[in-house]
Structures are given as structure tokens and as C-alpha cells.
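> What follows is each chain in one-letter form.
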Amino acid sequence: MADERENVGKIYAPRPYNVIGKSKPRIDGREKATGAGKYCGDLKMPNMLYGKLLQSPYAHAKILSIDTSEALKIPGVIDVITAKDVPDLKYGISPARWDENILCIEKVLFVGDKVAAVACLDEETCYKALQAIKVEYEPLKPVLDYRTAMDEDMPQIHAEYERNINTEIHQKFGDPDEVFKNAYHVRTDTFVGQRTYQSPIEPHSAISYWKEGKLTVWSSTQTVHYFQTYIARQFGLKLGDVRVIRPLIGGAFGGKLEPTGLEFCSAILSRRTGRPVKMFYDRHEMFAHNRGRHQGTYEITTGVDETGKILGVRCNFLLDGGAYTSLGIATAYYSGGLLTLTYDFENYEFNLRRMYTNLPACGAQRGHGAPQPKYAFESHLNNVAEDLGMDPIELRKRNTRKADTITINGFGIQSCHLDECIDKIVEVTDWEKKRKEGMPKNIGLGMATGSFVSGAGYPIVRSDYPHSSCMIRVNEDGTSATLYSMSVDIGQGSDTAYCQMAAEAMGYRYENMKIVAGDTETTPLDFGAYSSRQTLMGGWACKRAGEEIKSKILETAGFMLNLPPEDLICEDAKIWSRSRPKVEPLTFEEVAKKYFIIKGPLVGTGVYSPPRLGGYYKGAAVATSPAYSFCAQAAEVAVDEETGQVDILHAWDVHDAGQIINPNLMKGQVHGAFAMGFSESVYEQVLFDENGKLINPDLTNYRLITAKDMCKFDNYLIDATDEVAGPWGVKEVGEGANNPTMGAIRNAIMDAAGVSVSSLPITAEKVWRALKEKKAAEKAAAGKD
Amino acid sequence: MSEKFLLDDNGIKRFLVTINVNGIDYTKMVKANTLLASFLRDDLDLTGTKRGCELGDCGSCTVLVDGKPMNSCLILALEADHKKIVTIEGVSTTDDLDIVQEKFLEFGAIQCGYCSPGMIMSAKALLMRNPHPTYEEIADGIAGNLCRCSGYINIIRAILSASGQEVENY
Numbered sequence: 000m001a002d003e004r005e006n007v008g009k010i011y012a013p014r015p016y017n018v019i020g021k022s023k024p025r026i027d028g029r030e031k032a033t034g035a036g037k038y039c040g041d042l043k044m045p046n047m048l049y050g051k052l053l054q055s056p057y058a059h060a061k062i063l064s065i066d067t068s069e070a071l072k073i074p075g076v077i078d079v080i081t082a083k084d085v086p087d088l089k090y091g092i093s094p095a096r097w098d099e100n101i102l103c104i105e106k107v108l109f110v111g112d113k114v115a116a117v118a119c120l121d122e123e124t125c126y127k128a129l130q131a132i133k134v135e136y137e138p139l140k141p142v143l144d145y146r147t148a149m150d151e152d153m154p155q156i157h158a159e160y161e162r163n164i165n166t167e168i169h170q171k172f173g174d175p176d177e178v179f180k181n182a183y184h185v186r187t188d189t190f191v192g193q194r195t196y197q198s199p200i201e202p203h204s205a206i207s208y209w210k211e212g213k214l215t216v217w218s219s220t221q222t223v224h225y226f227q228t229y230i231a232r233q234f235g236l237k238l239g240d241v242r243v244i245r246p247l248i249g250g251a252f253g254g255k256l257e258p259t260g261l262e263f264c265s266a267i268l269s270r271r272t273g274r275p276v277k278m279f280y281d282r283h284e285m286f287a288h289n290r291g292r293h294q295g296t297y298e299i300t301t302g303v304d305e306t307g308k309i310l311g312v313r314c315n316f317l318l319d320g321g322a323y324t325s326l327g328i329a330t331a332y333y334s335g336g337l338l339t340l341t342y343d344f345e346n347y348e349f350n351l352r353r354m355y356t357n358l359p360a361c362g363a364q365r366g367h368g369a370p371q372p373k374y375a376f377e378s379h380l381n382n383v384a385e386d387l388g389m390d391p392i393e394l395r396k397r398n399t400r401k402a403d404t405i406t407i408n409g410f411g412i413q414s415c416h417l418d419e420c421i422d423k424i425v426e427v428t429d430w431e432k433k434r435k436e437g438m439p440k441n442i443g444l445g446m447a448t449g450s451f452v453s454g455a456g457y458p459i460v461r462s463d464y465p466h467s468s469c470m471i472r473v474n475e476d477g478t479s480a481t482l483y484s485m486s487v488d489i490g491q492g493s494d495t496a497y498c499q500m501a502a503e504a505m506g507y508r509y510e511n512m513k514i515v516a517g518d519t520e521t522t523p524l525d526f527g528a529y530s531s532r533q534t535l536m537g538g539w540a541c542k543r544a545g546e547e548i549k550s551k552i553l554e555t556a557g558f559m560l561n562l563p564p565e566d567l568i569c570e571d572a573k574i575w576s577r578s579r580p581k582v583e584p585l586t587f588e589e590v591a592k593k594y595f596i597i598k599g600p601l602v603g604t605g606v607y608s609p610p611r612l613g614g615y616y617k618g619a620a621v622a623t624s625p626a627y628s629f630c631a632q633a634a635e636v637a638v639d640e641e642t643g644q645v646d647i648l649h650a651w652d653v654h655d656a657g658q659i660i661n662p663n664l665m666k667g668q669v670h671g672a673f674a675m676g677f678s679e680s681v682y683e684q685v686l687f688d689e690n691g692k693l694i695n696p697d698l699t700n701y702r703l704i705t706a707k708d709m710c711k712f713d714n715y716l717i718d719a720t721d722e723v724a725g726p727w728g729v730k731e732v733g734e735g736a737n738n739p740t741m742g743a744i745r746n747a748i749m750d751a752a753g754v755s756v757s758s759l760p761i762t763a764e765k766v767w768r769a770l771k772e773k774k775a776a777e778k779a780a781a782g783k784d
Numbered sequence: 000m001s002e003k004f005l006l007d008d009n010g011i012k013r014f015l016v017t018i019n020v021n022g023i024d025y026t027k028m029v030k031a032n033t034l035l036a037s038f039l040r041d042d043l044d045l046t047g048t049k050r051g052c053e054l055g056d057c058g059s060c061t062v063l064v065d066g067k068p069m070n071s072c073l074i075l076a077l078e079a080d081h082k083k084i085v086t087i088e089g090v091s092t093t094d095d096l097d098i099v100q101e102k103f104l105e106f107g108a109i110q111c112g113y114c115s116p117g118m119i120m121s122a123k124a125l126l127m128r129n130p131h132p133t134y135e136e137i138a139d140g141i142a143g144n145l146c147r148c149s150g151y152i153n154i155i156r157a158i159l160s161a162s163g164q165e166v167e168n169y
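From first to last, the protein sequence lines are chains A and B. The first sequence finishes on residue 784 if you use numbering that gives the first Met the number 0, and the numbering steps up by one all the way, no holes. The second sequence finishes on residue 169 if you use numbering that gives the first Met the number 0, and the numbering steps up by one all the way, no holes.
Bound-form chain A, shown alone (with noise of 0.2 Å):
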């Protein structure tokens, strides 16, 4: 069939789309350049009062006494609350694990756990105070060390909690052991992962204003809805009488996903004091608050035939999850759950502990629970194939994931295009060559997989509202159209993606978007930013809405014109007709501002909501998701065989991410992702005392990776749309190029230097100490002979 718009002339050239697919200018772009964007902690309200919490010095101790006395008297002071004055109501992620209190009643669980909190006329007051409030404790034995928290003479550290266990995974599908027994070949490694952090560039901060019983926050959060949500329940109030409100977020990776002492204490002071508060960290209290990634070790066994088919796989896994259980229950399922995606194999065993330990709670940072267990499993799986005598990569096309597959845990997949991914991969490697003729000495090249959720499955807070919905509200004139959404734009760019989304769906201009966002009062219900969900699912909304939109604009086009909406295109803000192309388009303005005369405001709403999805076990909602996406990265690296220096030297990702929206912010995403796993790789580690004290919390000390670091970056994209659970195709990118860095980097050093460092991060001196052993083996084995 001809093209449609074939006879309107050059104009209007055929296109695949419009707006979507383009690099379209960020729409906070401009404001961000320019300084002018506010971030929470630039806001400034009149009469406004600043506020800090004091935090426990001791990382296990009872409080005896709290007397605040001494700090009221000081001049500026305003208010102390300690836990008398909150809420006792318990909150976390999950109802049967709502297990921490606004302010600590009994017992402090970690240092830096939060004892009171203080309003004051400036910030230099707030720290003057929280040195006058004295609180007796009564120090406890602590338990620091996740892999011994479970022993008989460990404390314990919640009284719900036998043996310091948070949680508890045992899931079954087929029956590995059985596998095993007959298996060509079965090896078991065991791998370990480090605390990380997420620090996002910008300190957490809140401010609320509780007036006429009704309470605003401001919040640097990544989900207005669940801050909502959470706020209500702590006070008591209604959905309705709660406002949380998203100024610009200066990075969260996971770490502002859930509300703090913050939020909570300054909603309290304000109450109290009947003026707007407004509560910060610095760097030191947000490494305290933490909720960064859990460490664990992770025991991995796998049974391949002698072809290299796996047959089956059995984890056992431990992870150290802090002082709280924060979002730690989806992290530990994830954990576990998203490993089958891009390797099928039939026989799968995941048994699972998280303990408490006296130490911040770890939560949920970018790539959720993944990887670390996918660093473990890729790792493993390199030297399963060094044991076969296998290449790497033929191992893992022996056992790829494909479309159309239901994976042994439950998960459906539509589309999948991880075989071309790593064809891709060989190509622009040049793996073949570089395996077959070797590289270098202390030169070494290494790959993994990697694979994530579009969205998680199921809502954050247990409801069954849609997951994403919004309203396009077109202005009088048509000169402009703004996008609400409770969306959270957290850095990665979904206002830009969801206003580029919008215009395509209405035949709209991009340059003539406004959004309102993440605001509970002005926009519709979008659960906001995590699990990589708002392009797929508030795309859907988006597209809904827009498409709405367009059909209003059609009709009233087909009565301006006299013809038949049918017969009418509406694309690029021009509405014209398929029948009769000589016929003068009519603007999307004159179309839009007719319509406002007619019938009043032209608005469209939209609605998402996943269908039901996973099996029926338990714990089978997590990781699931209407689609997944596919990668493939390799990294070559450079090991200094003196120092044990690892140099990253070039990286390459392709990835299956279906279509892009805005190849500029993809990019961007892709190289973040990689830049974080690198990071992670090899600087990164939180590190604590004896006494669970920080050593490390500033970013001198915790080494995040600088611009001189960053390697040679080449990111690929496979060209396939064809998801049919995402609009457009659309698949997610930001957390899936972060699930296999860490492997691949693990297995280029392994195939560089020779040697195992089989904990994270690879230190240039576990490197130098792993060559050291080395040497001395040879040696003593020459002596031998």
C-alpha cells in the first residue's frame, strides 16, 4: 500500500514518528544550566525555621534518658521532639515488616540512628542544640558482622526477630540437586559483594508546612505517591490532606525512595511551631541513613551438560541488610528472582537469608538486588567455561534467553533480542580475534549479560489503583498543552520523555509541552521513579491521553472542514485530509481553540495498569514485569602486574531497550549505569569500624569514579520495537546497562592477570596480593619439580 501521506506533497514527508526517537532539549534543560532550577534544599519560605536530627553515637545501646532541657535554653532554639512527641506507629515497605519509628522509642539499632530533632532560627543553632541534648545510653553488644548474626550468642537486635533473620527465601522450581547428580559437569564458587551507596550528588532535604490541618512537603524524593501515602498513615490524616511536592531531585539511584526521619520531624516541628521547617543532611548523615546496596556473599552451583547446557542452578545466598528491613524485602526476592531472565535453563533452587545487623539499613539502589548475585553468576559462569574448555561466549549462546519464553520462576517475555546482542558484542570486540590470537600481557577482555524490568509488576503500596495515569489539559488557543503526572523526574528525564510521548500521541510539537509533575494535589496518580517503570507504564498513560486528545481535535477538524474525521491526519500540529490533499491544513491551534469555544477545556486523561502477571508461589510478584529488557557489555581492562592497578580501558554495552524515546537521555542512562558498575567495580566500599562507625562517609574516602577515570565508552543499540507490552515498543534502559558491568569487568581482569578476586571491589591490592600468591604457587611448584 502506498505510503498514506504520499499525495500531500514534500511537506509533509513520511516519517516513522514525529517527536519521539529524537534528541529532543531536555525540558528542564534551560533552568538547570542556567542555575536557576530549585532544588529542595534552595527553597526558602518566609519565617521558615531549619531543623536537624540528633543521631546515636552507638551503633546497639538502650536510652535510659533523654533531657532536651539544656538545648531550649539556648537562644534560637525553638523546639525539641524526641519520641514522645511522634507517632509510635511502625513504617517500612512492607506491612508485615513495618519494623521503624519516626524517632528511636527504646533501643538505637545503628549510629547515626535518629533520637530527636530540633527546630531552630538558623542552621548554625541546629548544631549547637543537637551538642546541648543529653541522652544516657546504655551500650549493647552489637552485631556487626552479617555472616555471624544468626549464631546462638549474637543479640537480638529486633524481638520479632529470631536470630537476626529479616527474611527468609526458599523457592524451588524442578529439582537441580536431582540434575546434579547426573550432570557432565557441576561447580559451586562463591562470590562476595560490598556495601555501596548511592550517593546522588544532592543531600536529601524536606520541608513541611503544616497548616490548618493540612500539611505540605516539600521533598527531594523519587515517589511523591509513596511519600504520600506513608505521611498520611504516620499522622493519621487523610490522602486528601496530604501534599507532597517534587522540586527538581539532584540524583536518587534508590536513595530517596522511601520518607526519612526528615519528612517525618519536620511535618512534627511544624505542627508544632506553626511555621514552615525545613530538614537536610549533610554528606556524613546521608552515608548514615544509607539504604544503599546490600553486601552479601553469594554461593552459586550450576550443572552443564557437555555441550554446556545449563541444567540446572542452585543459590544460596546472605545478605547483610542493616538495622531496618527499608526496602530490603523486594531487594532480597529480587536478588534471586531476576537471575533466570537471560539464561534459560529448567532447574532452579534460590534460598535466601537477610539478616539484621547494627548498621544502616541497605535498600534498593539502581538495579535492585541484581547485581551483585549477576556479578556472582556471570563470574561463575566464566569459570564453568574455563573448566569446559569453552569459550565464554559460546557458553552463554549455548543457553540464551529467547522471545516468546516463560522463565522457570514465572516471568513472561515477549521480546528478546539477546542473541543479537551478543553477536554484537563479538563484532565490535572483535572478541574472535582478540580470543584466538591473545591480546597483550596483563591485557584482558570480559563479558556478561545483563537484563531488567520495565516496571515492577505490582504497586509499591498495596492497592489496586492503575500504576500510571495523566491528564493533558490543551490551552485555550492551543499555542500550548501541559502534561500533568505524578511522575518523578529524578535526572533521568522523564518529564522530556513523557512530553516527547504526549506530542507524538496528539500530533503535537514537543517545543510547545509544558509539565506539571510529581506534585499529589495538581497531577493524577503515577507511582514515580523506580524499577524503571515510568517510560513504559506512564508512556502508556501518556499515549492514552494524547491519543484522546487527538480524536477531540479530529472531530472538531471533520466539522470545521466538512469531512469526516476518518478522512483526517492530524501529525506535527497540522490536521489535514487523506481524500482531498489540496485542501489547506488547518492548525492544531485554530482546531484546539474552536474546540475551547464549543465545548469548554480540551483535556484527555489516560490510564495504565499491567495486567496480572508471575506465577503463584510465594514471593512470585517481585521481578515481574510486563517487559524486560536485554544487554550485552564487555569490557577490556589493563592490570599492572607490579601494583595491581586495574585500568579500565574500553567498555562496550548493546542493548535491547525497544524503542527509544530520546537517544540523548538513553545514552545518558546507558552511560551512568556503566560508570556506576564500574564505579562499584572497583572503588567503591562503605566501611565501618568495631564499633559500626563510619570510616568512610564523604566522598574523598568513598571514591565514586571521577572524569578521569571514565574509560572509552561505545554504546549499541539492536533495532527491534517489537515489545508489544511497552507503546511504541518501548523497554527500559537506566538499570538494566548497570546489572552486567560488574561481571564483565570481573571476568577482563580474571583474563588478564590470571587470577580470581572473587570479592567486590577489586582493589588494586587484592589484585597485587592475588598475582603475589600466584608468584609464590609457581614457585613453590617449579620448586617441587
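One or more of the hints may lead you astray.
With a Cα cut of at most 25 Å, we get these calculated SDA-like pairs of lysine to any residue [stated by the list, open to error]:
{"id": "1", "chain 1": "B", "residue 1": "Lys67", "chain 2": "A", "residue 2": "Ala35"}
{"id": "2", "chain 1": "B", "residue 1": "Lys27", "chain 2": "B", "residue 2": "Leu15"}
{"id": "3", "chain 1": "A", "residue 1": "Lys43", "chain 2": "B", "residue 2": "Ala31"}
{"id": "4", "chain 1": "A", "residue 1": "Lys37", "chain 2": "B", "residue 2": "Asp41"}
Simulated from the structure, these hints should not be mistaken for lab results.
Fit chain B to the given chain A structure using the hints.
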């Protein structure tokens, strides 16, 4: 250092300083411990200069002090007395963006944007002393500015392009 001070009722000195910010002289009373970053943000409401770590580690508060890029969280307002400060708000005083800002937008070098003002100030300083930097020189020049979103690639490309060098955009 300013010799002009008053003693308050608690015996704390308040100094009179005149600091030129973005071409305008501001005369204000500051305490001995007032940081330049706080002076800019709290006294002048120039919140484009960000607080990230307050220890000089992250570079979010980078401003130009007499043309040199410095962490304004490590300088006292008192030390800036009679100095010329340029903040992100002063990079472009018209509605047109500075070339560095423009290129940051064009190359997708801005994500969450929290490091962007400091990053742009470091880039400005770099291009003033080295108008045609190499990729490596740019990486050196912004090594004191941490970005958690971008992996730095698009930032470096934007600065390369701002210096007039040919850079392929996607």
C-alpha cells in the same frame, strides 16, 4: 581581611565586606565563619551554587574567584572581601545562553543537573586558560567535579564542542 567589624551582644564579631558578585558590589555583614557558598546562597539568594558535600570533595559549589575556579564551601566570605566572584547566574546575563551552557543542553550533558552549575564553572575556567583543550585535558579540568549520573562522556563532548572542536552528536 576586613578591618571593619562590630561586636554583637555575645562578643561575636560581624565583619563588613564588599564582594563583587557577577559584576555587582554587595556590601554585607558576615561572621568570621560564614562560607562564601553560604553568603551566595543565603545572603544573596544565588542558589545556583549548590551544596553537595561542604568538604570540597564534590565541586558542586564551584565559582570563579578572580577568574580561578574554587570550591566556595572552602572559602570564607571574609576571604572574598573585595574579590570578583562569578557564579552560574553570572555566566550569561542575557536571555541567550553561554556557549558552554548551550552545548551542555545540546549534548545531553545535563541529567539531574545538580553538578551542572559547578561543572559549567570549571569548564568556563578551563576554556579561559586553554581555549582548545584535548579530551584528556578536559577530563583533568573537571576531575574535581563529581557527577553521579552521566559517566562524564557527554559532559566532555559538550566542552569539546564548546571549544569549537568538531564533535559528532547523535
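> For each hint, tell me whether it holds in the structure or not.
Hint check results:
no. : hint              : in the structure
1   : B/Lys67 x A/Ala35 : 22 Å, holds
2   : B/Lys27 x B/Leu15 : 6 Å, holds
3   : A/Lys43 x B/Ala31 : 24 Å, holds
4   : A/Lys37 x B/Asp41 : 14 Å, holds
In summary, this structure violates none of the numbered hints.
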